[in-house]
Structure formats: structure tokens, C-alpha cells
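K.L.:
What follows is each chain in one-letter form.
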Amino acid sequence: MTMTDQPTGVLGSRMLRREDPALLTGEARYTADLVVPGALHLAMVRSPYARARIVSVDTAAAVTMPGVRAVYSGADLADTWAGPMPCAWPVTEDMKNPTHLPLAVSQANYVGDAVACVIAETAEAARDAVEAVVVEYEPLEAVIDLEDALSDRVVIHDEIGTNRSYTWDLKIEETEGACDAAFAAAAYAVKERYIQQRLIPAAMEPRAVLAVPQPFGGDMTLYSATQVPHILKVMTALTLGIPEHQLRVIAPAVGGGFGSKLNVYAEELLCVALAKRHGVPVRWTETRSEGCQATIHGRGQIQDIELAADANGRLTGLRVRLIGDMGAYLQLVTPGVPLLGAFLYAGVYELPKAFDFSCTSVFTNMTPTDAYRGAGRPEATYAIERAMDSLAYEIGIDPLELRRRNFIPTEKFPYEAYTGLVYDSGNHDGAATLAAEMVGYDELRERQRSQNVPGATKRIGIGLSTYFEMCGLAPSRVLASLNYGAGGWEAATVRVLPTNKVQVVTGTSPHGQGHETAWSMIVAEKLGISPDDVDVLHSDTAIAPLGLDTYGSRSLAVGGVAIAMTCDKVVDKARQIAAHLLEANPDDLEFAGGEFSVAGSPDRSMPLAAVAFEAFTAHNLPDGMEPNLEAHTTYDPPNFSWPFGTHICVVEVDTETGETEVLRYVAVDDCGNQVNPLIVDGQVHGGVIQGLAQALFEEAVYDSDGNLRTSTLAEYLVPAASDVPPVITGHTVTPSPTNQLGVKGVGEAGTIAATPAVINAVVDALSGLGVRNVPMPASPNTVWSIINAAQGGSQ
Amino acid sequence: MEITVTINGKAHTADVEPRTLLVQFIRESVGLTGTNIGCDTSSCGACSIHLDGEAVKSCTVLAVQADGHDVTTIEGMAAADGTLHPMQQAFMENHGLQCGYCTPGMVMAATSLLNENPNPTEEEVRIGLEGNLCRCTGYHNIVQSVLACAKG
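These protein sequence lines map, in sequence, to chains C and P.
Under numbering that gives the first Met the number 0, the first residue of the first sequence is numbered 0, with each subsequent residue one higher.
Under numbering that gives the first Met the number 0, the first residue of the second sequence is numbered 0, with each subsequent residue one higher.
Keep in mind that the hints were calculated from the coordinates and are not lab data.
Glycine residues also receive a C-beta, built at the ideal position from the N, C-alpha and C atoms.
A portion of the hints provided could be inaccurate.
To spell it out: a stretch of chain C is covered by chain P in this simulated footprint if at least three of its residues, at any positions, have a beta carbon under 8 angstroms from a beta carbon of chain P; those stretches are [claimed, not checked]:
#, region
1, 23-30
2, 194-208
3, 508-519
4, 669-680
5, 708-718
Let the hints inform the model, and build the full structure from the sequences given.
P.N.:
Here is the structure:
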């Protein structure tokens, strides 16, 4: 069921994806599928200890094994690196960032930290040789618990002398002390602690890398299963000290990312460095177990949140204290993740300037964390949405009613929030009303009252989540204020070929989002041509040299808008040419359906196809005009975009087994205008299930020695089809006023909204039993234990 | 060891190490890379193929075990003229794929499911595909694709 009243023409239609035939037939080539003769295979020697001094690395036996070309320790390659592994987001001036090299030299700091590597003629030979590398370790005490890390009882990295990476504050008060005063005067207050467990992103395609050198010309081509070919190019050039213009990065078909491929990894740098050194291609394909250990993890926060409210339940103050788990090192944007959430702690609610946020992030002896679908925003949304339910319980009103009392009223948009950020558009009550209707909210509450009676063992719970997704990363000046090391623009080129076929060059880098389809629809609508006549070029820095890639639900709201703006420039130029040829004033020309015509003289017209050919031959162009029909835009968005919505989850919890069954899941999302509702719904479905998976199934579990207990897909519970419900989608459409397409973005909405909706439902089901909180993942064992504890251990 | 495996109607003979998995043989010896590898514990199903007409995870079979047998991979599903198999077509029409990495295995598992149970309920589809993981779609449109294919 989809409720949208938008479709007109190509934009807004449920066009099937042009990406699909290649993916459905096995024709698509992922990085590991690429055949390059003579490539050597890289394999990594990884630390089995969470923290250990590297006493010695003996490569003598390994290097003599059949097919082995070379074996390197961290010390052997220490001079190879012009700089350490990059972190692009030094969030404070005094942020601590311990040296992180592709191969550790003196100390390993998590299980999976690479300490040596092998290159060999086959993958099997390389892996066999890994077993023969003798590394002598002196095991050291590992730090796993965040509060233990904070205490500096054991300092992980001697060079920085503390486990604290940084403390970042955001205090926004109308007058000094406003937040404390709000709590002092509050009619109601709640104080909650939530744990964001570590998650393993688990994109279905493991990471893979292939570096192909041209030894005589000096050029290097790096193929990688990455979301960020452009960022990877800059960072690889800097880290290896190789000239950027001699490096080409290509992301072939990429099998999902969810943030885990938004990074610069040791294996990418090693393949390039060793391909350069040996003058032959070098490749590496991750095993899943390696991926669980050595590809970034997500989440990992302790959240303390306090809400103050007046007698009507309206928020008057908000205080947040976070401890962020950075893991062993800072990866590309690790320290910035909690900051991305900092601006969303008041959710979709009006809050006076009485906000006090502080995050202290610490190192631990676990896999580095970094951006995972939503990156800081799911964590923030979870905290405020769970706390709102607690507040509703304290006040004794329905959670939906409490939310309605606090929604930013529709008529106040664009709305300048307490943070100074301006929310572009919204209709929170509209989305909540539609979701409540679709799920049958009032009837469900009735059913709950009759079913959840004392002694009932099957209890109904209804969980709400009304959310904002801060999308369209990002206005470059805002990023500057957050000390991020790059901008947030996106680039587009639109090129009309002589035969009126169109090439679009985009800086976005899709890995499942359907950009080829969606971008062709935008161009088709703007130029009045068929989407079939548009080719979308991307993910190759030689073809699309400018771009900032795909993450943070930015591709449409920044990259797609850049394409629309570029089409306008193409039409402007074509108009000049058409006017010249039609001997008319350019201002008198109308452009519709791919044709220019003189206003009032419909017989005097010229199709874009004819203009394109004239632009190509350049036989008769206006004086001074350059040949060809091509335009370029680099677009820096003036604001974030603010998609929103209401998700409602209905569960039945069996109090005897602790098992949670999701009976119904309704997602109403408003992402502004929709380019392709088919793709929008797909993004919501996948996002919701990923968010639900955090709530019910997934956790990267470490033991006290720092061993990852969930290092395969047999132990880390990515849900299967039989574990999850269908997702009923609905939409309201509130266009963004800040861009010409009225679009906002939708990539992370489901993940942001779903986790609190599911846990709110589980807690709601058990509220009659004295349960106020359920930790994630709410596995049957956990839920049963919580019920048992709430009942005084009587079961 | 020398083995001969018929893949998509064509016999392939090669000398393989005894430890070679069928999926490695398909990808590396035969060069059909549509069959993907997503894990090392037979959990994800990305490498699902048909062995003598039935879906199996090709990482759970040694190449030597397939000697003399008949294999169909995703490359063998569409007709020679390029017409998609009805299951492939259903996945396309119902947006049953995003990044596409699980898709070949999902299509092979789904066709095998319908061979055994031509008119499954939604729940039967979900249970029937529980050996195949997808991270993008939340399974919603995969299930819709299989149901649509069953309806014809």
C-alpha cells in the first residue's frame, strides 16, 4: 500500500531499474570478478590478540613456500607510507589520534589488526603462507568496557597517554544556566541510559581490491569495492605519496556498503604499495571472517539522556552525555559519527534553547567503529524516541499524544531550531495521522487493553517512532564549522551527443541505490527525452573526475539536484543556438517536450536533437559561442534536507519464552518529492529491516579478553526472510523548498526510524509487568531475563 | 584430479585440487563469475546454484563431488535470445534486488523453491528462502517477486 499523489511524467513514475538485467544474469562485474592476468594475491597476517606487543616477526619459513613472492612485516614497510591511515575528521583541536599504519609495527590493538602480509601467485598459496609467518607476541591487558577505558586504568596507546580521544560539547542556552533551570523547574523529568551495541555492517559483497600498475608509465589503477572512489583517490595519493594525477580509482559493481565501504582501508593501501613495488597487479578479497574483524563496525555508544517537560508534557530542556566507542584507531570519519547525531537529539520536537550535549569518545581494543547506515542519527533518534516513551509513561498519557503536543507545527516551517539549523519543511502531524490510520492505532490500543490483562502470557505492544533524517550531506561551510576535512558539494556534467543521446557524468557512486535509473529520469524530465537515451557515467575517477561519492543520504539531494541544475544550463545554451537558427529572440522561445518553439508561432520550432547536431558541427553558431552542448555544475547545498515520518511497530511478546513476534510494521515516510517511488519503497524496506535487526538480532559480541565471538555469519545474526515481517509503506509528500526538485533523500530513514519503534513496542508490551527498558538486541533470552527481573525473579 | 562437470549445458573438464570447492571451480576454472561468494560458513547462500536441478550452496560441495553431474548457474537462466527467465523478470518487475550481490543465489534458490512448491504462501516463501541472506531489500520485494512469479 503506497499513498502518494505525486506522479507526473517521468519523474515520480515507478520506472523499472536499468541496472537490473546485468545484476540478474551474472553479467555485472564486482571487483573480485575482474580477471587480470599475472595478479599476485595478498593475504594478511592478523593479530589473534586484542592487545599485544609485537616482539618479532619471522618470515623466513613463509617466504620459501611454493608460489610465495614476498612476505612483509609492519617494520619492513614502515618507510613506505608518506602518512598514517587517514582520519578526515579531527573534531577538536586537541583530539588524540594514535598512529595507525596499514601494518602495525610495534603493537597490535585489536583482534584482526594486521601485522604482516604475504603476496603469492594464488590466493591459496598466500593463505597457506600466512600460517607459516611466526609472530612472537607479548600479550597485554585489553580494554573492552567503555567506562573502564574512560578511567585510563589501562592506557592502550602509550604515545597519547590516555584512552580519551576527545570531548566535544554543544551547549545551547538562551541564557546561561537555562538547561539546569529547565530541569529545576520541570513538572516531569526522565533520566535514561541506553546502550547502542556494536554492529557489523555485513554488506553482502565482502571488500575486494585490485591494484593494476603501469610500471613504465607510472600510472596506477585501483579497483575497489568502495562507496567513495573520489575520496579514496585523494587519500591514497596522500598516504602513499604518489602523484594524484597518476592514480585512477574505479568502483566496479559494488555489493552494498551501508557505510562500511566509506573508508580507506589497509588492504587498499597495501595493494597499491605492493603493486608499485613489484610492478605487477596485486589483489585481495576479504573472507567474511576477516570482514567481521577488520572492516569497520557501527554504533557503540553509551547514551545518558535527560528530558525536562512542563505540566503539559512539552519539552523544556534536554541533556545528553555520550561515551563513544572509537575502537582501536580512528578510521576515516570515526570521531565525527557522534557529532552527526548531536543535532538530532530533540528529534521532531520543539525545544527551547536549553540543550546541553557532551560526548567523550574513547579508544578500546576492538575493531575501529565508523559510519554505519545513519551514522549518529539512528543513535540520537533511538535515545529521544525511547525517552519520549518514558516521559509519556511518567505523565500517564499515550505516547502518540505526547508526540503531538511536541511536534513542530507545520505552519512554522521553515523552522529555525534551537541549534540554529533550519529545518526546510515538515508535516509531522500529517505523517503521524496517516501512520496511525494505516496501522489501526485506536483499535490496537483497545485490543491491547483487553489482551494484556494480569497473567496474560502473550502481550501486545505498540511502538512509535517519529523521526527526522538529516540528509543531503552537506553544506560545506557547516562541515567547516564541525572541522570536517572536506566539503559537501557534488558535481555533474551533462553532455548532449551529436545524435541527441545524453551522457550524464555524476560524482555519486552507487552500490545498490539505482542512480543510473534515477539520474536518467531526472535528465529525461528536464530535457524532454526518453530515459533510454541517457547514459549515466560514474564511479571511475578518469571518467567522473569530480565528486564526493555516496553516503549520508546525499546522492539525490546533492548529486541529483546538481544534475537538474546542469540540465538547465544545457537548455539555456541550446536556447541561444535555437534562437539564432530560428531568427527569434531567445526570450520568446518555449522549451517543452524536447522542442524549442517560438511563442505564438508554433510552426517555428526546433527539436533539441537538431540543436545538438548544430552545436556539434558548429557551422552556424552565434558569434563567440563554443561548440558542443555540454554543461557542468558543482553544487554546494545551501542547507541539509530534513526527511521525516512516523513508523509504528506492533509486536506480541511471549512472556514465557521471551520471544518477540512482529505482527505489523507500518512506515510512513516523507522524503519530499519522489523521483522513483519503486526505489524509495525499496530503500525504506531495507532500512527498516536493518534497523529492526539492531533491535532484535544483531550484536558484535566480545569476550573480556577482546575476542570477537561473532566473527562469522553463523554467529552474527543477520536476519533471514523468515525472521522479519513485511513492511507496509505509506508516504506523505512535503517538498523541500531548498532545491528545484523538492527532494530530500531516503537512504537511511528506515534504519533511523525502525530501531526505536521496535524496542518501544517491546517495552510497551511489557509495561504492565514493571518493565521500563529492554536492552538491544531484545533476544528471547534477554527479554525473558528482563521480565524475570522485573517480576522479582519469581519465574 | 580430472573432473568433467556439465555447466549450463556445456561440459567442462579440468584438473582440480581435491580441496577445490564447486564455487571456486565455477568461478575460477570455468570463469563464470555470476555466482558470488558472501561468506565462509555456508550461511549466506550467495553461491546457490542448481546441481541436477536442485538448489545447493556451491560452497558446500567439492568440485570433485560434482564430477559427472549437471550444474546450472545464473548465467544459464536467461534464454539464448536474452529473454530473462520468469524469475529474473519477476525480480526486475518487483524491485527484488538493489546491490545485486545476493541476487543470483536468491534467483536460483527461488526457482528451486517453486519447482518444489509451485503455489507457496508468503510464509512458505520466507521459510523457503531462509538460507539466503540479503542486506538491501529487507526481503519484502524478494518475497513479492517470488509470489508474482508463482502466479505467472
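K.L.:
Compare the structure with each hint and give your call.
P.N.:
Each hint tested on the structure:
1. Coverage of the region 23-30 of chain C by chain P holds in this model, with 7 residues showing a Cβ closer than 8 angstroms to a Cβ of that chain against a need of three.
2. Note: the region 194-208 of chain C has 5 residues with beta-carbon separation from chain P under 8 angstroms; the three-residue rule is met and the coverage holds.
3. Residue count for the region 508-519 of chain C with a Cβ under 8 angstroms from a Cβ of chain P: 4. That meets the three needed, and the coverage hint holds.
4. For the region 669-680 of chain C, the assignment as covered by chain P holds, since 3 residues bring a beta-carbon within under 8 angstroms of that chain's beta-carbons and 3 suffice.
5. Proximity of the region 708-718 of chain C to chain P, defined as three or more residues with a beta carbon under 8 angstroms from a beta carbon of that chain, is established by the 4 residues found.
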